[in-house]
Amino acid sequence: MSPFRGRAMSVHKPSAAWIREEFLRFFEGRGHQRVPSSSLIPAQDPTLLFTNAGMNQFKDVFLGREERPYRRAASVQKCMRVSGKHNDLEQVGRTPRHHTFFEMLGNFSFGDYFKKEAIEFAWDLMTRVYGIPKDRLWVTVFRDDDDARVIWKRNVGIAEERVAGLGEKDNFWSMGDTGPCGPCSEIHIDMKRACPEGRRDCNPGHDCGRFMELWNLVFMQFDRQPDGALKPLAKTGVDTGMGLERIASVLQGVESNYETDLFQPIVEEAGRIARRDGGWNPDSPHEEDRVALHVIADHVRAMTFLISDGVVPSNEGRGYVLRRIIRRAIRFGRYLGIERPFLCDLSATVINIMGRDAGPYVAPHPELLAHATLVAETARREEERFAQTLAVGLAKVETLAQGLRADGKTQISGPDAFRLYDTFGLPLDLIKDVAHGTHLTVDEPGFEKAMEEQRERSRKGMKETASTVPAVASRLPARQTLFTGYETTLVEDARVLALVRGDALVEELKAGEEGQAMLDRTPFYAEGGGQVGDTGFLTSSSGVAFVRDTRAPLPGLNLHLVEMREGRLRVGDPVRAEVDRQRREAVMRSHDATHLLHAALRDVVGLHVKQAGSLVSPDRFRFDFSHYTALSDDILAEVEDEVNDVIRQDLPIRSSVMPIDEALRRGALAFFGDKYGDVVRVVEVPGFSMELCGGTHAATTGSIGLFKIDQERGIAAGVRRIEALAGGQALREARQDKAIIESVQSALNVERPKVHEALQRLLDQNRALQREIDRLKINIAAGGPGRAEEDIKDVAGVKVLVRGPQEGLDKDAVRALVDRSRQRLPSGVIVQWAVRDDRVTVTTSVSRDLIPPLHAGDIVKELARLFDGRGGGKPDMAEAGGRSPGDLSAARDRTLEIVERFIRKVGAAR
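Numbering (the working numbering), first residue to last: 17 to 926.
Careful: at least some of the hints might be erroneous.
Calculated pairs, DSS-like style, for lysine-lysine (alpha carbon to alpha carbon, straight line, at most 30 Å) [stated by the list, open to error]: (1) Lys150 <-> Lys247; (2) Lys425 <-> Lys921; (3) Lys754 <-> Lys770; (4) Lys247 <-> Lys208; (5) Lys815 <-> Lys827; (6) Lys770 <-> Lys412; (7) Lys169 <-> Lys132; (8) Lys185 <-> Lys208; (9) Lys754 <-> Lys827; (10) Lys208 <-> Lys169; (11) Lys877 <-> Lys921; (12) Lys412 <-> Lys815; (13) Lys877 <-> Lys815; (14) Lys770 <-> Lys890; (15) Lys150 <-> Lys169; (16) Lys208 <-> Lys29; (17) Lys448 <-> Lys425; (18) Lys448 <-> Lys877; (19) Lys465 <-> Lys526; (20) Lys877 <-> Lys890.
It is worth saying that the hints were derived from the structure and are not from the lab.
Since this is a predicted model, take the numbers as computed values, not measurements.
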């Protein structure tokens, strides 16, 4: 398929599926391994929020930390860019090229070919396969990279005037402040637009819109030292990246990425929903309508892929970004008149484009289809949640505006605006719209400052997370520890390679000291994949060390956290390394049960269930998984029964090592963003469960003994957690439950089948008696009409009633008492103090004729300071609570004074 005929576009537009597949086939034909896209959640790289380039999954290969069985690779990588230098979320939808989610086509060389081949490959693909006219292509090179310039001119034959030499900012790539780096060369297409500056020497370095970058070829040839010096790498590398959306727009002859077949079906479906639900009229569209449809199309793609890869909406990290993207799409949907949840339905269009086969082309991202239900339900619940949040948020803006006007202010501060944005997801322009309607402005510079401070906190958090590897790790011996723990729990002749105390390498550890020991080989499993590290003992001829934990801060670097019990341990000592076998076996029972639970959940609940985290410890474990509703007791019982049935069958648990492609082809599950090499360990219970897993496991399912679910609960939107027990602990827990039931049965003096009925009857009686007690307390506290009138004071023309503290009233009773007082005092301020179970509460009520300027929430916050309490509420009713200081007489005596101060401050006398 030739997309161009000379300078004109062919009428046969190549599909994105064709472009994607031709790229991979081209490089496969030149000795490259086709490598699947990695997850959007970077594996074992806490420095990255999301995978943002094709080279991310090859980072350790370029750094020399990892070996692959191939030296050439090609991939189509899922990428997200939502912050930092790579993207500005607010620009998405307003320009033809900005996106959050995109696909990056890339080819890579690990010490194999270099500049000549990379440049020739790129030119051949662009001109021969994709058919782009040679005279439309320009290139840039690093100004000092004479090699690349010569290759472009001599080998490719590109004219001198179409090769631009640019500086380090544009054409020199670095992985970080130190480490691999090198010059790059970019291929640009001439869009055939006149240079707006009228420059005759216009080239791709002039950012005037005439040229568009298509492909970046990075030549890694240096190792940047801490002092900035460039040291040649022992092995050079090539890392290239080309955005699929951008090259598709060129080959399909359209001006915007949103007009390609990657976006158009989504844009059209969003428009159909807007016409049906919002009354949107496409025949008289405004520019903002186009922006809204583009934002929705971009964001629903990002949402679909993020949820499918295991991200759930939350208020921090990746989940916070997902929540922002969803809420921004909802906001633009509302602009088009769409009030109901719609992203959940629109995700199906994304999945049809990206998750299904397209004619002769296999689905590029088949995982989407498997997670379709999860994506839709997670999106629906987030949309419903935001609808509620939006209503509360808009009310907060209006309340804030009322208070500012009452204080004579004309502007919502930057921090206040950011709080509305951060807490309630209200975009700045929506806050500005509401403010404008109430004759207020918004401090936009202050808002941007608060936003930047939030970004800085996020960056700092990522850096702190990335600093988990001990500073001393780089100074430890380069050799890896050989792990023998799959076969044995005892090594008689291990040798100490290094000892660490604090952040320093030491020659020995003495009795009473704590440190870390590195061995040449070890049976101790290092914490990983959710399984806790082994414990046990290291014994030498001169000392005994208790191993309280085992960790692997870097692949192959196993560190034993030790406490010296007696004698001393020296570098070079031969040691007897023995794992606590009883504890290890208990951990294995839990880990085996985790795999069975995972399989049973997918069988009973649905294939959308996937692991989102776990903690496997002796006899007890927790398992986090993707699902959108609580599991019923019947479902939990079915899952529990299925696991125990497999345990009773005493099926074999088989572990084997195989290439990852073969493991995935056989159906092995690989979840939770774990990083896997090209050769993986597969743990299988034939006919029931198969997972990639590096943990330790028993020989048969019967070793587990018994499985018991302790509880199931939600821990985040779209994520549930099951806590369960295995083996002896499950049996002990069952016996304990039986003993408790028998004790309750004895106390109620009923037969076991009637325990629940008798207990419910007793609770109903107790609640009825408590209601009667509260009613009597309220009557006593309220007293007669005369007593209430005696307590009412006139403060600057406003009636104020202060009562209490009443003993033993719960919140409902206090509110009932305040309501009764309001019947006797239709206009005024009521303050009710109460004490119950060493807790004090103060409730404030302001009649509606005094709102504004009085606000019950403001008054109660000031009263709470009298006893170090906290609280707030609505303008007409608010409450605060805290631990009782004992004597409340002083606080009560100051109540009238505080209320009077508020009344006089706002000039509420009337």
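Here's how the hints hold up against the structure:
With a C-alpha separation of about 36 Å, the suggested pairing of Lys150 with Lys247 is violated against the 30 Å cut-off. For the suggested pair Lys425 and Lys921, the alpha carbons sit about 15 Å apart, so the restraint of at most 30 Å is met. Taken as a hint, the Lys754 and Lys770 pair is honoured in the structure, with Cα atoms around 15 Å apart against an allowance of 30 Å. Proximity of Lys247 to Lys208 is assessed by CA-CA distance (about 41 Å); at most 30 Å being required, the pair is judged violated.
A hinted pair counts as satisfied when its Cα atoms are at most 30 Å apart, and Lys815 with Lys827 qualifies at roughly 24 Å. Simply put, Lys770 and Lys412 have alpha-carbon atoms about 50 Å apart, too far for the 30 Å limit, and the pair is violated. This hinted pair checks out: Lys169 and Lys132 have alpha carbons roughly 11 Å apart, not beyond 30 Å. This hinted pair checks out: Lys185 and Lys208 have alpha carbons roughly 26 Å apart, not beyond 30 Å.
Proposed proximity of Lys754 and Lys827 is contradicted: the alpha carbons are some 36 Å apart, above 30 Å. Between Lys208 and Lys169 the CA atoms are separated by roughly 22 Å; this keeps the pair inside 30 Å, and the hint holds. Using a Cα cut-off of 30 Å, the hinted pair Lys877 and Lys921 holds, with the two alpha carbons roughly 16 Å apart. Between Lys412 and Lys815, the direct Cα distance comes to roughly 28 Å. Compliance with the 30 Å bound is thereby established for this hinted pair.
Between the alpha carbons of Lys877 and Lys815 the distance comes to roughly 20 Å, so the proposed pair stays at or under 30 Å and holds. With a CA separation close to 46 Å, the supplied pair Lys770 and Lys890 exceeds the 30 Å bound. In summary, the hint linking Lys150 to Lys169 is supported, as the alpha carbons are separated by about 13 Å, within the 30 Å threshold. Among the hinted pairs, Lys208 with Lys29 is consistent with the structure: their alpha-carbon atoms are about 20 Å apart, no more than 30 Å.
Distance hint between Lys448 and Lys425 is fulfilled; the C-alpha atoms sit about 15 Å from each other, no more than 30 Å. Simply put, Lys448 and Lys877 have alpha-carbon atoms about 28 Å apart, close enough for the 30 Å limit, and the pair holds. Straight-line distance between C-alpha atoms of Lys465 and Lys526 comes to about 53 Å, which puts the hinted pair past the 30 Å bound. Between Lys877 and Lys890 the alpha-carbon distance is near 12 Å, which keeps this suggested pair within the 30 Å criterion.
Hints 1, 4, 6, 9, 14 and 19, counting from the list given before, are not met by this structure.
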